[in-house]
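> Chains as they are written, first to last, in my numbering: chain B, 26 to 115; chain R, 88 to 374.
Keep in mind that the hints were calculated from the coordinates and are not lab data. No residue lacks a Cβ here, since even glycine has one placed at the ideal position from N, Cα and C.
Pairs of lysine-lysine residues, derived as DSSO-like cross-links and limited to a Cα-Cα distance of at most 30 Å, are as follows:
#1 B:K90 to R:K307
#2 R:K330 to R:K350
#3 R:K294 to R:K345
#4 R:K350 to R:K93
#5 R:K151 to R:K93
#6 R:K226 to R:K307
#7 R:K350 to R:K166
#8 R:K281 to R:K307
#9 B:K90 to B:K60
#10 B:K97 to B:K60
#11 R:K235 to B:K47
#12 R:K226 to R:K350
#13 R:K235 to B:K97
#14 B:K101 to R:K235
#15 R:K235 to B:K60
#16 R:K93 to R:K294
#17 R:K281 to B:K90
#18 R:K166 to R:K107
#19 R:K226 to B:K47
#20 R:K345 to R:K226
#21 R:K345 to R:K93
#22 R:K151 to R:K350
#23 R:K235 to R:K345
#24 B:K90 to R:K235
Which chain R residues stay away from chain B? Per the calculated CB distances, all over 12 Å, these:
#25 S101
#26 S120
#27 L155
#28 L288
#29 L347
A few chain B positions that, by computed beta-carbon distances, are all more than 10 Å from chain R:
#30 G52
#31 V53
#32 L95
#33 P108
This is what each chain is made of:
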Amino acid sequence: MILRFGYADGSGEFYITLDSEKCDGCGVCVEVCPKGVLFLAPNPFDPLEEVPLALVREDARNRLKYLCVLCKGSPKPCVASCPNGALEHF
Amino acid sequence: MAEFWKWRESRWVSQEVHWKDARVISAGVDVGSVSTQAVILIDGLLYSYSNIRTGSSSPESATKAMNLALEGTGLSLEKIHYTVGTGYGRVNVPFAQRTITEIACHAKGANFMYGPTVRTVLDMGGQDCKVIRCDENGKVLSFLMNDKCAAGTGRGLEVFADLVGVNIEEMGELSLRVEEEPPPVSSTCVVFAKSEASSLLRRGWPKERVLAAYCAAMAKRVVVLLERLGVEEDFAITGGIAKNAGIVRRIENHLGVKALEPKMDTQIAGALGAALFAASLAQREGK
Numbered sequence: 026m027i028l029r030f031g032y033a034d035g036s037g038e039f040y041i042t043l044d045s046e047k048c049d050g051c052g053v054c055v056e057v058c059p060k061g062v063l064f065l066a067p068n069p070f071d072p073l074e075e076v077p078l079a080l081v082r083e084d085a086r087n088r089l090k091y092l093c094v095l096c097k098g099s100p101k102p103c104v105a106s107c108p109n110g111a112l113e114h115f
Numbered sequence: 088m089a090e091f092w093k094w095r096e097s098r099w100v101s102q103e104v105h106w107k108d109a110r111v112i113s114a115g116v117d118v119g120s121v122s123t124q125a126v127i128l129i130d131g132l133l134y135s136y137s138n139i140r141t142g143s144s145s146p147e148s149a150t151k152a153m154n155l156a157l158e159g160t161g162l163s164l165e166k167i168h169y170t171v172g173t174g175y176g177r178v179n180v181p182f183a184q185r186t187i188t189e190i191a192c193h194a195k196g197a198n199f200m201y202g203p204t205v206r207t208v209l210d211m212g213g214q215d216c217k218v219i220r221c222d223e224n225g226k227v228l229s230f231l232m233n234d235k236c237a238a239g240t241g242r243g244l245e246v247f248a249d250l251v252g253v254n255i256e257e258m259g260e261l262s263l264r265v266e267e268e269p270p271p272v273s274s275t276c277v278v279f280a281k282s283e284a285s286s287l288l289r290r291g292w293p294k295e296r297v298l299a300a301y302c303a304a305m306a307k308r309v310v311v312l313l314e315r316l317g318v319e320e321d322f323a324i325t326g327g328i329a330k331n332a333g334i335v336r337r338i339e340n341h342l343g344v345k346a347l348e349p350k351m352d353t354q355i356a357g358a359l360g361a362a363l364f365a366a367s368l369a370q371r372e373g374k
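Just chain B, same shape as in the assembly:
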């Protein structure tokens, strides 16, 4: 499953995308994010599955433009730290 968190508004598109097939729930991305945007929990979009994945915090989903400003430019620590290439960042 491709999980897409974030939004598009007049100023651009701000999505963090996770591929649940690639994420093994190791949590490295959670640790490297300076704003604590990510956390580990079972996939809420696949309720019968219980394996934890990296997810974007609910209270961060509509504020990514501002929260992720610290990591403007590339490489993004979350994306770069993932050993499986599961994350994409706007």
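Model the placement of chain R on the given structure of chain B, informed by the hints.
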């Protein structure tokens, strides 16, 4: 003051399904920002549902919807083995054993409602819209939502019904009675669109033309979302706006794809999905 925005609440009880010899009785309650539904399934078959306007208290709306779905059936809340809450107010369903996101529930509900050929679901709700791609089991494959702003959603349509003075359930059909499609209003933002529409009305535009301009803008807004994720057929629309032919036809025209014809109240998709998950969870937990 006339209340053009007030859409009809409803309930339905199956004449063919009976609860007395049921193995698993499951329920789903979808507390949305605008409407609340309760769905009851007997061994995975649709038994009853209700659809009401959400009040200021989510727990009360959840309880009211559930009572309406139970009314006259002889069935009571205690007999339900498992209840799942979903929607905007899902944490406020007092009698639910678990909550599940509305994206998962809508995909599941659309799969039941429209059949296993559905691959793309557009949920047009009261305060947000979502595009979901799913497999033949109603399992989510990917999704995109816009809940940052309620522009171009059910709530906006309610505001427009009162502005134009047309019953909300007649707006869509009326908007199709234009000879030539007017340009869409420039914003679906309820506040901006409302002032734009007021000035169009003052300029002497007939109601149907103003409605056409607004429905077109709403369609355009969701088409952007749909195209970003890609539309694979079969395509189905859930939520209250699926009942507005003026918006549905315009979405279809933009996409060049027909939406499946609904066989039941499109507003119950979320609660229906929740009830289906509740049935699986009840079985898993051996209730």
